[in-house]
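Sequence order for the protein chains is C and V.
The first sequence begins at 1 in our numbering and counts up one residue at a time.
The second sequence begins at 237 in our numbering and counts up one residue at a time.
Incorrect hints may have been included.
What the hints assert, rightly or not - Incomplete in silico selection of chain C near chain V, CB under 10 angstroms:
| hint | residue |
| --- | --- |
| 1 | 112 |
| 2 | 116 |
| 3 | 118 |
| 4 | 121 |
| 5 | 160 |
| 6 | 196 |
| 7 | 201 |
| 8 | 204 |
Hints are computed from structural coordinates only; laboratory data are not their basis.
Ideal Cβ placement from N, Cα and C applies to all residues, glycine included.
Chain by chain, the residues run as shown.
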Amino acid sequence: MHHVLLDRWSQGASPLHRRDARAKILTLLVFLVLMATTPAQAVAILATYSALLAATILIAGLPLGGVLFRALAVLPFSLTFALISWLAGEPLRGLALVEKSYLSTVAVLLLAGVTPLPSLLAGLERLGTPRLLVLVAQFLYRYLFVLSEQAQHMRLAAACREGTGGRRRKSRFRAASGALAVLFARSYGRAEGVHRAMQARGFSGRFSLLGATRFGARDAAFLFIVSAFLILVRVA
Amino acid sequence: MSLLTAPAGPLIEVRDLHFQYEDGTKALEGVNFTLEAGETVALLGANGSGKTTFVLQLNGVLRGEGSITVCGLPLTKETLPQIRSKIGMVFQDSDEQLFMPTVLDDVAFGPLNQGVPEEVAIAKAKLVLEQAGLANVWNKAPYHLSAGEKRRIALAGVLVMEPEILVLDEPTTFLDPPAEHNLLQLLRGLPQGKLIVTHNVSLAASLATRAVFFDKGQLVASGSVDEIARRFEWTYSDLPPADLRYSAHRRF
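So that you can see chain V by itself, here it is in the shape it has in the complex (with noise of 0.2 angstroms):
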């Protein structure tokens, strides 16, 4: 993997966003944020708060009113290609993006599509598949793998184009805590800045140097992560105060 230079602006700068669904509902409103170069930020808010939403923003999947800057490219029709290359997106349900038949197709799908030669995108894929642990399993059907194997290559698939920005949507979902543990750890030696959605306000703890807070589609606070779940605690109030420490999964 090459080594990553940072650009002399912010990574992602993002102004006035607003983003309504077909079916009406309001999604997004005024979201303004920006993460600068070497930031891990983690998007903290309820079920239906905008966050997920608001990363599909970003690499132009669903798109809003607003203007999105990446790598200081405008985000625009033309500038598409680029900015997908540089926002790398690791989806919370492995299975959605792994769709090829075997992991080396799935591995090697964003090279191709990068237009680089088949023999590079075979060697790149092979070597990030190494680099994750998972030389062994480069001609085996998605299917066969474990969750844990599952969001090792998804992140494979996304690390082999060299992105400058990871987006990781709830990346420890459905892992064990050995996987969990194992994924932590490769995240934390990526020099990528990061976006993390999640609920888990341990796991924002552990990888994020700020977190923004979603509260029906606006972004309406920003800070250390210990400060904006200290400060929202209450989104949280009908558990028992044992139980905020872990995760907003508890209320169930």
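So here's chain C without its partners, still in its complex pose (with noise of 0.2 angstroms):
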């Protein structure tokens, strides 16, 4: 079974993989704030922030690269909007748009890397999140790994079975669409195991996250520390 790359990050012992999720979360909020408010020719706040989360990568002892390349996914998204703009008559709007999009997305995956899920979720729901979300993203997580599995497996049994050719990929779409199907039945059917397992052990329609981490004093240095770097690079 692969597992999420991701979530071994996570796993890590780096300074920031110790401090409490809340300070992490709190941190990331100024930081998307100020990144979101940033003029789009302020090249050089744009550099330092950049250089910022480089080095954080590396304190946090994520490989540069993979973090990098990831944060790519969001650039389909990013560049049909810059192109727009740039349509619009705004080419410098669309590159900022671009380089603010991809930078947030760096500094999103930071967290998660240096946050086990669970601790993230904790964070969250202490920060005031509404709990129905929590939930939802929390199930998302732990039945995400199961689906999975199912779907390589019914991936390999259809390879085990398909033809070849032309009717090889005849046959994939039709294994892919009934695979979708059968993926849907399934978690329809799972959800229905889960509840039934819950319900054997006394849920009453209220969850309960343990808590990972307390906020200390080190948490606190640490999120008004970088905040306030953040906030001096903006505004120098």
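With the hints as a guide, bring both chains together as one complex.
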């Protein structure tokens, strides 16, 4: 079974990994707000933020190339809007849009790479995120792996019985569409099974996530110093 | 884990239980059953014979017509929380039972639902994990674990609630022989009354003091595992006799 790379990254032991999730979430929020409000022509600020992100990735012990490469996933979306801006006669704005969305994605990946998802969810919940959203994210995270494993098994089973040449393409398409339907039905059945298992252990509608860390002085210092530095760069 | 004190009467008493699914399929018809303290009963029968539907009635996950009494408590909407803390149910598919992000979260899920404070729930969960030989995986995500570990964690998640009755649905499915052996040893050491849903006659013989046989939603026989296996051998009559000693799965 293949596991999500982020999950492996988040099991590290760097100083960033040890910080409370709430401190990291709030710092990210500050960064995203500053990034969004940075003028398009402020190249020096964007360059400083880029350097800061790169340095943080290295301090966290994450692979710089791996993080930067995965953040490219946002480009198809931001490039579309950048193209519209360019066609509207605002090429600089389009370029800033690409830069900002890319750097923001790197920052989000960095947070996910240094915080195990259970801690991240606990942190979000303690910061006031609606419980329902946290629960949906939790179940999605938990069963994504189960479903992806089932999908892989079905893909293998289909590959073992697929034809050759033109028939192979056709059979692949049919297998993929069939597998999607089966996955949906299985997900539905599994949801019922999970609900039964929850009921059997006394679930009455209220979930509790155990706290991973405490918000200590070091977390407060991290939040204050990094946020202050980011604001300083932005207003200087 | 606290020592269990057996109630005076039977642990489970089921009288004239009927159940029909929404699509009209009659799954249980007039089932009568008793589980005495200290007993381990194997529920044998073919696929679709009503075994799993029956055990899901015992803690009110499915509700049919008839009377069910658990540790002296009649199964009603009001007694449901108490009954669910008395019956620990280990499901066939561990992935359905391990829904929390980490092993510790999952094992602590039941105690937290029972109103146990978080610190106590964590301490209890860690203790049970240690007793199950899983102390080193408490902070892992369930999908990182082997099938055997998942099954033991599912069991730990139930044992931490200190149930008086354990219901195990096909407990050895997907397990390799060493994992099966470890699980069986763990189960043999547990003092609770047990209900084991299985097709596997050898598993039933190694754990159960009695067996009952389900056929088309009816409980048609009760006796020793040997008696039941011999009496219903005809169920597997399309197999060579040697295969019958192991499991009905061998039909395939």
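Here's how the hints hold up against the structure:
About 14 angstroms separates the beta-carbon of residue 112/C from the nearest beta-carbon of chain V, more than 10 angstroms, and the hint is not met. Because the beta carbon of residue 116/C sits about 8 angstroms from the nearest beta carbon in chain V, less than 10 angstroms, this interface hint is met. This hint holds: residue 118/C has a C-beta 4 angstroms from the nearest C-beta of chain V, less than the 10 angstroms allowed. Checking residue 121/C against chain V: minimum C-beta separation of about 7 angstroms stays under 10 angstroms; hint holds.
Annotation: residue 160/C was flagged as interfacial toward chain V, and the flag is violated, the nearest CB pair being 18 angstroms apart, outside 10 angstroms. Interface restraint check: residue 196/C against chain V, minimum CB-CB distance 5 angstroms, threshold 10 angstroms, status holds. Taking 10 angstroms as the C-beta contact cut-off toward chain V, the hint placing residue 201/C at the interface holds, the least distance being around 4 angstroms. At a threshold of 10 angstroms, the smallest CB-CB gap from residue 204/C to chain V is about 6 angstroms, leaving the interface hint in force.
Against the hints set out earlier in the document, violations occur for numbers 1, 5.
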